[in-house]
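Chemist: Sequence:
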Amino acid sequence: MPDQTPLENLRYPTGRFSYQPGYGPEKRREYLESIRSLPAKLRAGLDSLSEAQLDLPYRPGGWTARQVIHHIADSHMNAYIRFKLALTESRPTIKPYDEKAWAELPDTANTPIQVSLALLEALHQRWVVLLEELDTAGLQRSVFHPESQREIKLEEFLALYAWHGEHHLAHLALAGKKI
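Numbering (this note's numbering), first residue to last: 605 to 783.
No wet-lab data here; the hints were simulated from the structure. Glycine included, each C-beta is placed from N, C-alpha and C at the ideal position. Do not rely on the hints blindly, as some may be mistaken.
Pair ranges (Cβ atoms, derived) [as the list claims (entries may be wrong)]:
(1) Thr-609 x Val-733: 33 to 43 Å
(2) Ala-705 x Ser-622: 25 to 35 Å
(3) Leu-709 x Pro-625: 32 to 42 Å
(4) Asp-651 x Thr-715: 13 to 23 Å
(5) Pro-716 x Lys-645: 17 to 27 Å
(6) Asn-714 x Gly-628: 36 to 46 Å
(7) Gly-742 x Pro-610: 34 to 44 Å
Mimicking DSSO-like on lysine-lysine, the simulated pairs with C-alpha atoms at most 30 Å apart in a straight line are [stated by the list, open to error]:
(8) Lys-688 x Lys-757
(9) Lys-757 x Lys-704
(10) Lys-645 x Lys-704
When you get a sec, could you build the whole thing from the sequences and use the hints?
Modeler: Set out below in structure tokens:
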């Protein structure tokens, strides 16, 4: 990981997302396994967090562990839908969402984390079935992201969401060290 400031290290404990187009089958299996194993890793990591720790930010100005967990569910639901859109439509324009505003909604503050964990377990089971059946041509299908004004292939999204899960697992590990 390149040199980062202390705050940058807290914000991106696994480093920023970096995508290498045209990765091979080994990397694809690694990304798929990361997505498959995320719900179990989350459950294992959260076993050590108290209710008090769930409501502490993992860094100054950052989300609480509770917000991170609900955010992962929100984000991965959107990702799954984006995959399905790309596979059934021709270069669809996806709908961005304000993740910071979503993290402030009442369901984030008032829903037990077990609900989002159960959602992620079910969602990731479905998502992995879809991903395992994707061939190289399927991974080349794309969506248009209006915020970044670019086309994004499913191959890149697969890498992004594998990174995304690991990124937030590291945040939850930081939250566990706060008390």
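Chemist: So which hints don't hold here, by number, going up?
Modeler: none
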